[in-house]
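Chains A and B supply the protein sequences, listed in that same order.
Position one of the first sequence corresponds to residue 1 (the numbering used here), numbered consecutively onward.
Position one of the second sequence corresponds to residue 678 (the numbering used here), numbered consecutively onward.
To be clear, the hints were calculated from the coordinates, so they are not data collected in a lab.
Computed from a prediction, not measured in an experiment: that's the story for all the values here.
Certain hints may be false.
Stated by the list, open to error - Okay, derived cross-link-like pairs now, SDA-like style, lysine to any residue, Cα gap no bigger than 20 Å in a straight line:
id, chain 1, residue 1, chain 2, residue 2
1, B, Lys859, A, Gly322
2, A, Lys167, B, Lys870
3, A, Lys167, B, Arg1016
4, A, Lys167, B, Arg878
5, A, Lys167, B, Ala874
6, A, Lys193, B, Ala874
7, A, Lys182, B, Gly944
8, A, Lys193, B, Glu875
9, B, Lys844, A, His195
10, A, Lys167, B, Pro871
11, A, Lys14, A, Gln98
12, A, Lys193, B, Leu1013
13, B, Lys1115, B, Arg1165
14, A, Lys167, B, Arg1165
15, A, Lys193, B, Arg878
16, B, Lys844, A, Asp332
Protein chains: 2
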Amino acid sequence: MTNDALVIFTPSGKRGRFARGTPVLTAARQLGVDLDSVCGGRGICSKCQITPSYGEFPKHGVTVAEGALSDWNAVEERYDRVRGLKSGRRLGCQATVQGDVVIDVPPESQVHRQVVRKAASARPIQMDPATRPFYVEVEEPDMHEPTGDLERIKRALAAQWDIPAIKADVAVLASLQPVLRKGGWKTTLALHKPHDAEVPRLVALWPGLHEGGVFGLAIDLGSTTIAAHLTNLETGQVVASSGIMNPQIRFGEDLMSRVSYAMMNPGGSLEMTRAVREALDALAAEIAREAQIDPALILELVFVCNPVMHHLLLGIDPVELGQAPFALATSDSVSLSARELGLASLPATAQVYVLPCIAGHVGADAAAVALSEEPGKREELSLVVDVGTNAEILLGNTTRVLACSSPTGPAFEGAQISSGQRAAPGAIEAIRIDPETKEPRFRVIGCELWSNEPGFAEATAATGITGICGSGIIEAVAEMRIAGLLDRSGLIGSAEQTGTERCQAEGRTHAYLVHDGSAEGGPRITVTQGDIRAIQLAKSALYAGARLLMDEMGVDKVDRVVLAGAFGAHISPLHAMVLGMIPDVPLDQVTSAGNAAGTGARIALCNVGARAEVERLVRQITKVETAIEPRFQEHFVAANAIPHASDPFPELSQLVQLPDVSFNAGGDRQGGRRRRR
Amino acid sequence: MTNDALVIFTPSGKRGRFARGTPVLTAARQLGVDLDSVCGGRGICSKCQITPSYGEFPKHGVTVAEGALSDWNAVEERYDRVRGLKSGRRLGCQATVQGDVVIDVPPESQVHRQVVRKAASARPIQMDPATRPFYVEVEEPDMHEPTGDLERIKRALAAQWDIPAIKADVAVLASLQPVLRKGGWKTTLALHKPHDAEVPRLVALWPGLHEGGVFGLAIDLGSTTIAAHLTNLETGQVVASSGIMNPQIRFGEDLMSRVSYAMMNPGGSLEMTRAVREALDALAAEIAREAQIDPALILELVFVCNPVMHHLLLGIDPVELGQAPFALATSDSVSLSARELGLASLPATAQVYVLPCIAGHVGADAAAVALSEEPGKREELSLVVDVGTNAEILLGNTTRVLACSSPTGPAFEGAQISSGQRAAPGAIEAIRIDPETKEPRFRVIGCELWSNEPGFAEATAATGITGICGSGIIEAVAEMRIAGLLDRSGLIGSAEQTGTERCQAEGRTHAYLVHDGSAEGGPRITVTQGDIRAIQLAKSALYAGARLLMDEMGVDKVDRVVLAGAFGAHISPLHAMVLGMIPDVPLDQVTSAGNAAGTGARIALCNVGARAEVERLVRQITKVETAIEPRFQEHFVAANAIPHASDPFPELSQLVQLPDVSFNAGGDRQGGRRRRR
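In isolation and in its complexed conformation, chain A is listed as follows (with noise of 0.2 Å):
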């Protein structure tokens, strides 16, 4: 019998001979498995829990005999006895190798694991946070050898964690005194080490070993809304999920018009910028409250915006974002400090990490898409749409990624639509209308019947039924053109043109009614001439903004569509091809990614490496710029018809037949030509 023993990691695979006597953790150590620790090996962590298996393993060649590992020591005992030990579990740094054996490291002992997405197609976020918590031993202060504290503590983890250098913040240094003492010179050191830095920052500390956890905030700052996410930086865990509306919509509802407030105003871009800071310090003390976290324990922020908020937020002036050549100040990732943005509620050496933007019009927001969605790692040409007030849209594939914006304005939200509202309880998001009856019947937010079954006025007594958002005005649209009440040009019939009543004139052109409620006090809801004209706009410049990158990319068809964006998720695939919102593509292939952009966020802030990977990205990405692009233009006037003249719809003609109708005989004064910038 040889004095060294083969251990076998599972599920690396991973394998090595040690001596007899190696703790687990050494083991896995030497051999780079991913085994996490805290304290260092001093069994009071207990992340490195392992499952030793026992028996023949033919696939490895080895048997494992009872007494491979080290009998239970007292510290194991302790352990168990004071906090409880799974069954089959050990500590990896309390047991020690005996004999050949094969050993599990399940996920929550990797440091690298893996967060699953709720998405099906998507790729697990991997854990590899920029910010570790480290615990260390201290030398106790000696008056011969008058070192300061810090020096000892950078000592320290030289000798215990190999980690040979690090920088503090001075309001680390604050704390570090009392923190130490307080732990009788056994500390919590949480480093923050950028993607793109050598030395690591002490950013936090804590008396003995910190249990608290170490949390990052993703945030996606939208022109309307703000959404975070409190995500355990160990785990991936999202702990909280909160959201309020971007207070700076009282200085301009769309990204332009807040860009001319900060034109027409002296400091109003500063007057937005501490808006918005405001909001920010308070949905950080908010979301930390509800998840009954300390925010002093929020060590990182990553943030994904488009270039206008990417401004404000860096209080920069935006003003050069609203004119030729749309200039960025920068396009580069932002690294700075909670301090910095002023963010109160939070340490002040909170880190924050700004992705980078791709263009003047195409933001970090559309970079976390990228991340997210990873267009550039499919074989398959994927469009990737994530649909807002602007659009940020990604065509491409292994070869090559294309981007751009395309200025929708928020039709889609339901804004400037008449009977249109945000999507809240009350509001159609669903919408059907019998092509022989013409009588509609839909579904509205907070109740799962449709309008024509029973129970439906019950159900719905609490909200009412108070307008269309914006996924119900696509299918509105949509399905009104499927039932012939409208014409390829977008024209309602008037009610001897398509036999309902529900088309009733209005002035010159006419609305088709979808529910009157005025009898019970309730609204009437309508979708006039206008909003259909709007909803033309919106998903012609969408729409003409993918056309623009398929024409950059020489192709005629996508592979596949995906629906980004919080409201992404809503919209019925079927009626936004019908609509021509997106290209003809088989319906099996246009998938919901969610908000993609806050999804990146948290792949950024899960995963340091991630930052690397979107600067990589955005560089790599080539930028179309809808506004000079004369063919932009052409596209947008060609995409007006429902669904659009320039392509053929193959796929949608399998499943819907579109009645060929025209209402021109009543005239159509509002014209479909404008642009929105």
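Given chain A, put chain B in place with the hints provided.
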């Protein structure tokens, strides 16, 4: 005739052959000659002025003919017309080499020019600032190539200055776009490159060529006073100096009473931090106003201070410095930004460097003295004494440097002395007592005359004679000893014993009347037995510290003594030796270094390499802790006599005979054994 020419630069002596037509600046750069340029050779900054020499240069083996440089070109002519070019000067970027030539680089054209210091013994300060201006011409943005303005600045720096990467502070991002556009895509960038980082930081930028200079503040942050020197970082010139009282005095006169204040009052430490930061902010604004310089041009601050002030400046509770083992939060240098210190009158991006501390009682001020006086660079053994409320003492030569701090208390500064006062007009600063008549004559600050000279009364009528300052009390005590009014133990004799009515009974002891202004409503100025005891305590502490270092060094004499500190400059070496403040050395080996700590701050401000040097120095200095060293107590007790009893004074005895008197008949009930910490 070959096509290339010999170019010799003076004073460096660097030489090389260059193709005819090569600009002088290009030749200088290729040879590594220290020739300044901010505009990178565009003929607009005029920093690269040189003087060609003509005629025979046997030493260099070359004859320079007329026409060795190209004729004046249009750029030089315009520059001369608009700004004026000194006779004989050329612009190095415009003049090209046409034949063998000797070219002198005048001091003001050298980046690393030397700044001469006042003290004859001191090496000049070599300019090598961390913050330097760079002029660049930046590409305009282009919609087809959507890079940010910052990214194009980076590209310009790489192409025009060979600087591959920079980081930009978020505060700079806000001014980037308007500045670039105002300057027509020409800008001067201030880059800060610390000694311990590879990548410089963009800390300010101006439109076009910035000619307003770049400035820094060297700040000596004392317990009692704060002194600042506003320094031009290109020339090294001190453009304004200003001092204010440290407002922390209201929390405690000396350091230990401030530590007590922090201990006794919750939030007391932060209160003191706020007070000193507010004072610094006001001082910075005031000194800029005085020098008529925009505070936005102050881009660097260097601080020297004792450990307690160091902690209070950085917002660290100094409580640990009040109790053994006197652990510093950090002993290393600290780098931060003006934003982190809350200095609102300076740019948020201004970079702050705080020199390292040597030990819990030996601060960054002592480190600065070591940097300024360089005891470790001399063969002779130097004793450097920085006299203040705490005395910092350095002893060393090329083999070794030792340091300690000794709690002398405020007596040397005129505090705790019955007629003591700060050095201000009206204070007695020098005194002589006739050994025969025992009559005093004295000089007061603000008047060159001695009190027995004609016109003295008139000359001092405005200020009056108000008290005795630090240097005055030292001379008074020493002169009383020389005149036989004081015995070796420090007792003042009675009128009978001394033969002068000026020795008057005061309780059970005696006092010597220096001046009686009571007839004119002024004070009676006396030196009391209590004053003598206070001075004895102070000088014993000082001497005991020096002696402790000498023990550690294994020597019983030193070769030279340097008196540093604002007060050190005014101490008479003879009287200091009579008193026994310093060991016996030849009088011509006692020099004054003025405010050596402040000078050290200036050196670190002007020369970034000096920061690495002082950090190295501090690591090499052996710290001796007086508080735990039993021999300190022994030396302290033995040093009570005037002069102290422990050493022979051969040098002193050649200069002055000290009378062998004893007044021990009267009771000295006060004792001389008290210790002050």
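Do the hints match the structure? See the list:
1. Between lysine 859 of chain B and glycine 322 of chain A the alpha-carbon distance is near 18 Å, which keeps this suggested pair within the 20 Å criterion.
2. Under the criterion of a C-alpha separation no larger than 20 Å, the hint pairing lysine 167 of chain A with lysine 870 of chain B is consistent with the structure, at around 16 Å.
3. The straight-line distance between the Cα atoms of lysine 167 of chain A and arginine 1016 of chain B is roughly 18 Å, inside the 20 Å bound, and the hint therefore holds.
4. The straight-line distance between the Cα atoms of lysine 167 of chain A and arginine 878 of chain B is roughly 16 Å, inside the 20 Å bound, and the hint therefore holds.
5. Between lysine 167 of chain A and alanine 874 of chain B, the direct Cα distance comes to roughly 11 Å. Compliance with the 20 Å bound is thereby established for this hinted pair.
6. The straight-line distance between the Cα atoms of lysine 193 of chain A and alanine 874 of chain B is roughly 16 Å, inside the 20 Å bound, and the hint therefore holds.
7. Among the hinted pairs, lysine 182 of chain A with glycine 944 of chain B is consistent with the structure: their alpha-carbon atoms are about 19 Å apart, no more than 20 Å.
8. For the proposed pair lysine 193 of chain A and glutamate 875 of chain B, the alpha carbon gap of about 17 Å is at most 20 Å, so the pair holds.
9. For the suggested pair lysine 844 of chain B and histidine 195 of chain A, the alpha carbons sit about 14 Å apart, so the restraint of at most 20 Å is met.
10. Taking the CA atoms of lysine 167 of chain A and proline 871 of chain B, the gap is near 14 Å; set against the 20 Å cutoff, the hint holds.
11. The straight-line distance between the Cα atoms of lysine 14 of chain A and glutamine 98 of chain A is roughly 18 Å, inside the 20 Å bound, and the hint therefore holds.
12. Proposed proximity of lysine 193 of chain A and leucine 1013 of chain B is supported: the alpha carbons are some 18 Å apart, at most 20 Å.
13. The straight-line distance between the Cα atoms of lysine 1115 of chain B and arginine 1165 of chain B is roughly 17 Å, inside the 20 Å bound, and the hint therefore holds.
14. Restraint check for lysine 167 of chain A and arginine 1165 of chain B: not satisfied, since their Cα atoms lie roughly 55 Å apart, outside the 20 Å limit.
15. Restraint check: the Cα-Cα separation between lysine 193 of chain A and arginine 878 of chain B comes to about 19 Å, which is no more than 20 Å; the hinted pair holds.
16. Proposed proximity of lysine 844 of chain B and aspartate 332 of chain A is supported: the alpha carbons are some 11 Å apart, at most 20 Å.
Of the hints listed earlier, the one the structure fails to meet is number 14.
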